[in-house]
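**Q** Single-letter residue listing:
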Amino acid sequence: MATIMDPTDERVPVTRQLSPRTGEIRGRLALLDISKPRGNVLLDRLEALLSERLPGIEIQRYAKPTFTKPAPDALRAEIFEKNDFLIEALAD
Amino acid sequence: MQSGQALPAFLLADSEGAQFSFPNGRPALVCFVKNDCPTCQVVMPVLEALHQALGDEVDFLVAGQTLDGNAALIENFQPGFSVLDDSSLKVSFAYDIDTVPTLFLADGEGRLESALIGFVREEWQALSERLTGANGVDLDWSALPEWRPGCGSLSVDPVIADRLRAEAENSPLRARKIEIASADDEFEFMFDQGFSDGLPLVPPTPERVMRMLSGTARDPQEIIGVMPPNMGDVTIEKLAINAVMAGCRPEYMPVIITATEAILTEAYNIHGVMATTMGASPVLVVNGPIRDRIGMNMKLGALGQGNRANATIGRAVRLAVRNLGGARPGGTERSTLGNPMKFTMCFAEHEERNPWEPLHVERGFAADDSVVTVFTMTSGPTLIVDQDSRQAAQLAGSFGLSLESAFHPKAHFATEVLLVVCPEHVDTLIRDGYSKADIRARIQEVTARPLSELVENEISAVGFKQAAFDAMDEKARDRKLPKFKSPDDIHLVVAGSDAGKFSGAFHGWATGEIGSISVSKKIEEA
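Sequences listed follow chains A and B, in order.
For reference, each letter of the first sequence is one residue, going 203 to 294 in the numbering used here.
For reference, each letter of the second sequence is one residue, going 5 to 530 in the numbering used here.
It cannot be assumed that every hint is accurate.
[Said to hold, decoys possible] Here are some chain B residues the structure puts well away from chain A; computed CB gaps all over 12 Å: (1) F24; (2) E61; (3) E133; (4) D144; (5) A179; (6) G283; (7) A324; (8) R338; (9) V389; (10) S393; (11) A397; (12) A415; (13) I434.
[Said to hold, decoys possible] Quick list of the computed label-pair ranges, beta carbon to beta carbon: (14) B:R338 - A:V243: 42 to 48 Å; (15) A:V216 - B:S409: 33 to 39 Å; (16) A:V243 - B:A187: 50 to 56 Å.
I should point out that these hints are in silico values taken from the structure, not numbers from a laboratory.
The C-beta atom is built at its ideal place from N, Cα and C for all residues, glycine as well.
If we strip away everything but chain B, and leave its shape as in the complex, we get:
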């Protein structure tokens, strides 16, 4: 604090309930103490001697940080001044002190003249001489220690500081606070309010939300978009609340924010993804240095359970969709069967095991950018079991044959796919020099079927309509259609452990303008 600066005004009571206000038109000494601090025990007699010398000329506003401690200070030192109750620590917090004792000398208007931290005998003596002039104080300075460091103020205790920040007048929190009656179980209460995806939630207390917000420098009230179908404002604060409930750590916030921004784009179309009876849900793929920084899993079991970052980032985004957009099963979320990926689906790409360009580089980002890509899946990861192929063309052929099942074997040009290639399969492919383009081309090659095989028939009515087929000339009927409209509809990433010849595929949803288009977004960590 600068000399001349206005110190925070306050009103505190002593143990008898008498109120003391600052500033009060007279010079004042404001001192913060706590009983269990040895240095505070040193300064109490000094304060008392000063008080006796100065009498009513100077207001003594000595604020103690605990109720029990204040009682002990009064009993042990019998001071002539009151020990004020700052057990809520609000004034200590407002004064931004790190240390007790901290002494502020202020003028009658409450402007700072000087401040002393801890106990440096010379400083306290100089201040005393300045205030009392020739009279001095009745004190043997030489009996006091030359120097004692102060102790940590309770207001900076990490557990308490988050609460104080949340409660302070300039608190960044603006969301509605919900008081849960003491007779209610907070976990049951959250279920009853419909906040949950069906699993227990971490109660988003103001302290936890404050901690979560420490994971991002973004303004908590920044609106990053509106969430359909309710078109609720998505603020950083609301995301942080949902992230707390999901079980996230603060350092996951940049990924959660970016993933949410990605699903809120027109191209991604989260409304359609949630509303469809097909049971679609976002898959989040994370690339770049942030994967390691926040401890994401990209290796053994990357698509499964067991890693906090993977599990809770995906869940936080889904909870935000549910709570801010109001998309709930039976409401605007209409999926016939649903799927467990609707709880959470987020993983990192094992770039170090990827001999090709990783997903984000392929999509135009720098290798050292951290990027999240959102893809809409309706089923999967569907396992592609091929422990036999030793040639790249065979293995990529297996990929193609397995991908025929996306939507329906007769449904061509219908969807896209996120293919997760496991490391052992990578080795087989790379041994023959296969590029990503080669894999895609091989999938298209082995899935190509003459149109005549894809027409509705007695086995299944899925496919091209007979009437449309009949209207075609022979050349058109013999045209071969691959599974995917474009090789670009085959998204390739690498993940998984080094053992096992099992790749996986997430089948997509409706693609293009009427459906959902995958979106990649750079994660800004500042």
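For reference, chain A alone in the conformation it holds in the complex:
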């Protein structure tokens, strides 16, 4: 990990930090449907493909009540607590 000194006036938080890549994917994966039409179709297909290719993962499905608003805090907290990875799917 490299450390650099912030050249700015530090009024904006630093963004975009990639998680370390371990070379393998195992653990708990959340698939979040934002509740746009046919998002579930995309996620069904994704779930099938991921289950086939990555037997080491355990998949949980979640859905936002509506795509027009951010996910409720409780849902975000649950996803964060119970999962290691998240794939959020848009669809139209």
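Add chain B to chain A, keeping to what the hints say.
**A** Just chain B now, kept in the frame of chain A:
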């Protein structure tokens, strides 16, 4: 270190993870060693003999500087004391040692009684006798060398020392540290954060920033001003960070600091310079002895690429404007076309080829002062090609005719100019005894136009408004207006190679109170 002085407290672990603290209420021998130092190999048996003689009366805190080396010391000497892990070198650094072995004898409160550097048999023997009294140690002193110099402590290795200084508790660095995740590419990361002008940046690691700060004696936390539009505090440290990113060397820091102070003045008005849709940017001109000291280019290609000091000093100042002030294209930087001088524009005056007063002397400084002058340009260097004029009046006439294009040929009294006269042109001018004042007067003379020619018309609406013109009497209409409001709006410097009859001009921006006024500032190198 003075006898009686409190030695730095520390907590170190041995290879088994057992912790040892200092001070611990008992007298202690603190010794720094590294395995690959032959003198440390000499003192290890001595330390062991002392340990056997003194037992628990004295704490033995022998700190080794590398993990592998510590393992080797333990294997080879099987000491009765632990070899403590100072592979981070933090304790070695805190003790400010240059040499291993260095041995400190401290009392129970951690105060220094004496210190031995390297191995001088007599000194070590005297210390041993003092500590063990009549019992002595089980050691054949005569078998040991009389004297061995120590080796360099790893904590003063130049590469490591900068890191240690940056990490130390009294580190001068206060800026936010950003950890770049190992999966991120640090160069891509800096682009993504918006730190860059579009070109790659040198990652401003704490070590590099520490090295950059060695180029100035100024306090890293000194605030030299606030950078608009965000009004971010400009500290010496922040400038050093941007200077690292720009690719500077530490010795450029005094120029960068002074240039930044100059653009932060009310007169210079960096906010307007950045915000204008005209695409303005600072040009930095450096005069005085520092030019040579830091290797600036003032000769062949002085206004172009290829010289590190010229290129990176200008870039560091621009990055500071961007990162500390937040002036970014599309934000408060609104220039319609922009211009490549916004990456960097800094050069030195070729004073030795200047028969007149150099820029800084003309502006009130001593010849041996180092000075940076900031000028706002909107275009240029626009080449003035005159390979034909052999008389000063012709050549200065050419300057004038070429300068008509600044802003617009019909725009008089609108801006100022930084004219960079090349050496061959200097020779032509000086042959006829032309002074700077003569050059300026000739430019004003050949550019003077009757007001009637500068009124808006069917060819171009630029110029005096018809209504205002109509309201004037005939005398006023026939009045001739030179290009520049004052001869002082023509700034003259000399730069370039000895071959070629090509001078250059940086056209200015809005002048006076509403625009940007050039500022010169003495570079303090202390």
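**Q** Does each hint hold? Answer for all of them.
**A** Hint-by-hint comparison with the structure:
Remark: the non-interface label on B:F24 is consistent with the geometry, its nearest Cβ contact in chain A lying 29 Å away (cut-off 12 Å). No beta-carbon of chain A comes within 12 Å of the beta-carbon of B:E61; the shortest separation is about 44 Å. Listed as a non-interface residue, B:E133 keeps its Cβ farther than 12 Å from every Cβ of chain A; the least gap is roughly 49 Å. Look at B:D144: its CB is around 51 Å from the nearest CB on chain A, clear of 12 Å, so calling it non-interface holds up.
Residue placement check: B:A179 does not keep its beta carbon more than 12 Å from all beta carbons of chain A (closest about 5 Å). No Cβ of chain A approaches the Cβ of B:G283 within 12 Å, the least distance being about 23 Å, so the stated non-interface status holds. At roughly 8 Å, the least C-beta separation between B:A324 and chain A is not larger than 12 Å, which violates its mark as non-interface. Remark: the non-interface label on B:R338 is consistent with the geometry, its nearest Cβ contact in chain A lying 20 Å away (cut-off 12 Å).
Its beta-carbon lying about 41 Å from the closest one in chain A, B:V389 satisfies the requirement of being farther than 12 Å from that chain. The beta carbon of B:S393 is kept farther than 12 Å from every beta carbon of chain A, the shortest such distance being approximately 48 Å. Against the 12 Å criterion, B:A397 stays outside the reach of chain A, whose nearest CB is about 51 Å from its own CB. With a closest Cβ-Cβ approach of about 37 Å to chain A, B:A415 is found to remain outside the 12 Å limit, as its non-interface label requires.
With a closest Cβ-Cβ approach of about 45 Å to chain A, B:I434 is found to remain outside the 12 Å limit, as its non-interface label requires. For B:R338 and A:V243, the Cβ-Cβ distance of about 46 Å falls inside the hinted range of 42 to 48 Å, so the restraint holds. Look at A:V216 against B:S409: about 46 Å separates their beta carbons, and that is not inside 33 to 39 Å. Taken as a hint, the range 50 to 56 Å is violated for the pair A:V243 and B:A187, whose Cβ atoms sit roughly 31 Å apart.
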